[in-house]
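Undergrad: Working from the sequences, and respecting the hints, build out all of it.
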Amino acid sequence: MRALLVMCALAACSKAADAPAAGSGTTPAADPVAGSSATAPTATGRPAAPAAPAAQQALLDAWTAAGMTPSAFAAATTDVGASCQAGTVAKLDVLICSYGSDADAKAAEDKGLSWVGDTTGVSRAKGSLLIVVADRHKADPNGRTINQLLHAE
Amino acid sequence: MTTRWFTVGLAFVLALVVTTAAADRKFGRQVRFDGIHPIPKSEGGGICYIDGPHVHIYEANKLEYRVHDDDEVFVGDPVAYGWEGPKFAYKGPHPIHVDMIVASDAGPGGAPDTEYCYITGPHFHHFEPPPGPEFQLAGGAYFYVGEPPKAFVDARPAYVGIDAVYAPIVYTRPVIEVAAPVGWIGARAEFAGPGVVVATPGVVVQAPGIVVVPPSVHVGIGVHVGVGVGIGVGVGPVGHGPRHRGR
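The listed protein sequences derive, respectively, from chains C and B.
Per numbering that gives the first Met the number 0, the very first residue in the first sequence carries number 0; after that it's consecutive.
Per numbering that gives the first Met the number 0, the very first residue in the second sequence carries number 0; after that it's consecutive.
Calculated directly from the structure, the hints in this document are not laboratory data.
Please note that the accuracy of each hint is not assured.
Stated by the list, open to error - Capping the alpha-carbon separation at 35 angstroms, the derived lysine-lysine pairs in DSBU-like fashion look like this:
| hint | chain 1 | residue 1 | chain 2 | residue 2 |
| --- | --- | --- | --- | --- |
| 1 | C | Lys-125 | B | Lys-61 |
| 2 | B | Lys-40 | C | Lys-137 |
| 3 | B | Lys-40 | C | Lys-125 |
| 4 | C | Lys-137 | C | Lys-105 |
| 5 | C | Lys-90 | B | Lys-149 |
| 6 | B | Lys-61 | C | Lys-137 |
| 7 | C | Lys-110 | B | Lys-149 |
| 8 | C | Lys-105 | B | Lys-40 |
| 9 | B | Lys-149 | C | Lys-125 |
| 10 | B | Lys-149 | C | Lys-137 |
| 11 | B | Lys-61 | C | Lys-90 |
| 12 | C | Lys-110 | B | Lys-40 |
| 13 | C | Lys-90 | B | Lys-40 |
| 14 | C | Lys-105 | B | Lys-86 |
| 15 | B | Lys-86 | B | Lys-149 |
| 16 | C | Lys-90 | C | Lys-137 |
| 17 | C | Lys-90 | B | Lys-86 |
What the hints assert, rightly or not - Computed Cβ-Cβ distance ranges for the label pairs, DEER-style:
| hint | chain 1 | residue 1 | chain 2 | residue 2 | range |
| --- | --- | --- | --- | --- | --- |
| 18 | B | Thr-113 | C | His-150 | 23 to 31 angstroms |
| 19 | B | Thr-113 | C | Asp-103 | 29 to 37 angstroms |
| 20 | B | Asn-60 | C | Ala-64 | 38 to 46 angstroms |
| 21 | B | Gly-182 | C | Thr-68 | 28 to 36 angstroms |
| 22 | B | Gly-43 | C | Gly-66 | 17 to 25 angstroms |
| 23 | C | Gln-56 | B | Lys-40 | 24 to 32 angstroms |
| 24 | C | Ala-102 | B | Lys-40 | 39 to 47 angstroms |
| 25 | B | Ala-154 | C | Asp-109 | 38 to 46 angstroms |
| 26 | B | Asp-69 | C | Lys-137 | 45 to 53 angstroms |
Bear in mind the structure is a predicted one, so any value in this text is a computation, not a measurement.
We put the beta carbon where it would ideally sit given N, CA and C, even for glycine.
TA: Set out below in structure tokens:
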């Protein structure tokens, strides 16, 4: 019986550790302002990607230039990456994460899909950035806005 | 008693671990798509314009999609569902190079994966065929005139029902009234009929097919409900736009 209890406890721990963020797993960082806080090492000790805020801000600027109106994006703590910001664009939940290389961003695409959860969404590397979009409010039924977010330069 | 409880508990734990692993791999109810595709009526209908990989929480049907790299890739006629992007007219069945639909698609050895469209009549795709002699552009529509691979013929019974999907859909489809080029697949015995699978292993018997090709050369746009009714406006080649759609 003791062995059974130990196995159950192990299984429960394993499930908790692997559970996807599924949208609700993003926690705004203590300092919600995108900037130096986004590049600081996290509590888990993971190194932050260099020059993250500039690239993320450039992306937000590109969306604005394309006629979209991003909300204020705040630094976010998530399993998707060490340097992420979350916000909304046209009622779409958006997460932008920075990585040390293009390959790292590409490798994180699946983690982004776990953040999307059970809804329409994308997780797409763009250079060293990862753009994750979740349409949790069915705000973009034909995906045109999501496509615009992915292709704005 | 203790042993029985241990066995039950062990089975429970194993089931939990297996279920968790499967859920992690597929991220809940997500279904992966790559490229544009129709949206089921139950989800509002129309076209999803997200190019490249993305996810939804509804399934893709087996007749209009092919699976590549765990992604569902739409190989049907998007115009039937309201597609407003580039479109290219085809007549008859033909191979599809998947790299013309999604970016960076390559099979073993770097060769692009090939799938097959089994729509027998005039139809559109949102991609052009690959360059080469296997497709001939006649009267604004692409005709496949190559030698169909065995896989193309063998899989036909599984997909020949695709015509029934489009027959009831009312939409503007290409009207092609041009003599089919020599070697067009639609004139071949294997592709001329509706396709009847006979119980004998490895033998596919086709119903006799009759191909009637008017001598005139004409391409137009028409409204077609089951049986074609064309209104000729002489628009010339229908296809236009970028060849690649995808990432």
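Undergrad: Give a verdict on every hint.
TA: The hints, checked one at a time:
1. At most 35 angstroms may separate the alpha-carbon atoms for a hinted pair to count; Lys-125(C) and Lys-61(B) meet this at roughly 31 angstroms.
2. Between the alpha carbons of Lys-40(B) and Lys-137(C) the distance comes to roughly 15 angstroms, so the proposed pair stays at or under 35 angstroms and holds.
3. With a CA separation close to 32 angstroms, the supplied pair Lys-40(B) and Lys-125(C) stays within the 35 angstroms bound.
4. The suggested pairing of Lys-137(C) with Lys-105(C) holds, with an alpha-carbon distance near 26 angstroms, which does not exceed 35 angstroms.
5. Among the hinted pairs, Lys-90(C) with Lys-149(B) is inconsistent with the structure: their alpha-carbon atoms are about 49 angstroms apart, more than 35 angstroms.
6. Simply put, Lys-61(B) and Lys-137(C) have alpha-carbon atoms about 25 angstroms apart, close enough for the 35 angstroms limit, and the pair holds.
7. Between Lys-110(C) and Lys-149(B) the CA atoms are separated by roughly 40 angstroms; this puts the pair beyond 35 angstroms, and the hint is violated.
8. Among the hinted pairs, Lys-105(C) with Lys-40(B) is consistent with the structure: their alpha-carbon atoms are about 33 angstroms apart, no more than 35 angstroms.
9. This hinted pair does not check out: Lys-149(B) and Lys-125(C) have alpha carbons roughly 40 angstroms apart, beyond 35 angstroms.
10. A hinted pair counts as satisfied when its Cα atoms are at most 35 angstroms apart, and Lys-149(B) with Lys-137(C) does not qualify at roughly 44 angstroms.
11. Our distance criterion of 35 angstroms between C-alpha atoms is met by Lys-61(B) and Lys-90(C), whose separation comes to about 33 angstroms.
12. Restraint check: the Cα-Cα separation between Lys-110(C) and Lys-40(B) comes to about 30 angstroms, which is no more than 35 angstroms; the hinted pair holds.
13. Between Lys-90(C) and Lys-40(B) the alpha-carbon distance is near 23 angstroms, which keeps this suggested pair within the 35 angstroms criterion.
14. Note on Lys-105(C) and Lys-86(B): the hinted pairing holds, with a Cα-Cα distance of about 31 angstroms set against a maximum of 35 angstroms.
15. A threshold of 35 angstroms between alpha carbons decides the hint, and for Lys-86(B) with Lys-149(B) the separation of about 28 angstroms falls inside it, so the pair holds.
16. Using a Cα cut-off of 35 angstroms, the hinted pair Lys-90(C) and Lys-137(C) holds, with the two alpha carbons roughly 9 angstroms apart.
17. A C-alpha spacing of about 31 angstroms is found between Lys-90(C) and Lys-86(B), which places the hinted pair at or below 35 angstroms, so the restraint holds.
18. Evaluation of the 23 to 31 angstroms hint for Thr-113(B) and His-150(C) yields a pass: the beta carbon distance comes to about 28 angstroms.
19. Roughly 33 angstroms separates the CB atoms of Thr-113(B) and Asp-103(C), a value that falls within the hinted 29 to 37 angstroms.
20. At about 39 angstroms, the CB distance of Asn-60(B) to Ala-64(C) agrees with the hint of 38 to 46 angstroms.
21. The supplied range of 28 to 36 angstroms is broken by Gly-182(B) and Thr-68(C), whose beta-carbon atoms lie about 56 angstroms from each other.
22. At roughly 24 angstroms, the beta carbons of Gly-43(B) and Gly-66(C) sit within the given window of 17 to 25 angstroms.
23. Separated by about 41 angstroms at the C-beta atoms, Gln-56(C) and Lys-40(B) break the suggested range of 24 to 32 angstroms.
24. In this structure the hint that Ala-102(C) and Lys-40(B) lie 39 to 47 angstroms apart at CB holds, the actual value being about 40 angstroms.
25. At roughly 30 angstroms, the beta carbons of Ala-154(B) and Asp-109(C) sit outside the given window of 38 to 46 angstroms.
26. Take Asp-69(B) and Lys-137(C): their Cβ atoms lie about 25 angstroms apart, and the range 45 to 53 angstroms is violated.
The structure shown violates the earlier hints numbered 5, 7, 9, 10, 21, 23, 25, 26.
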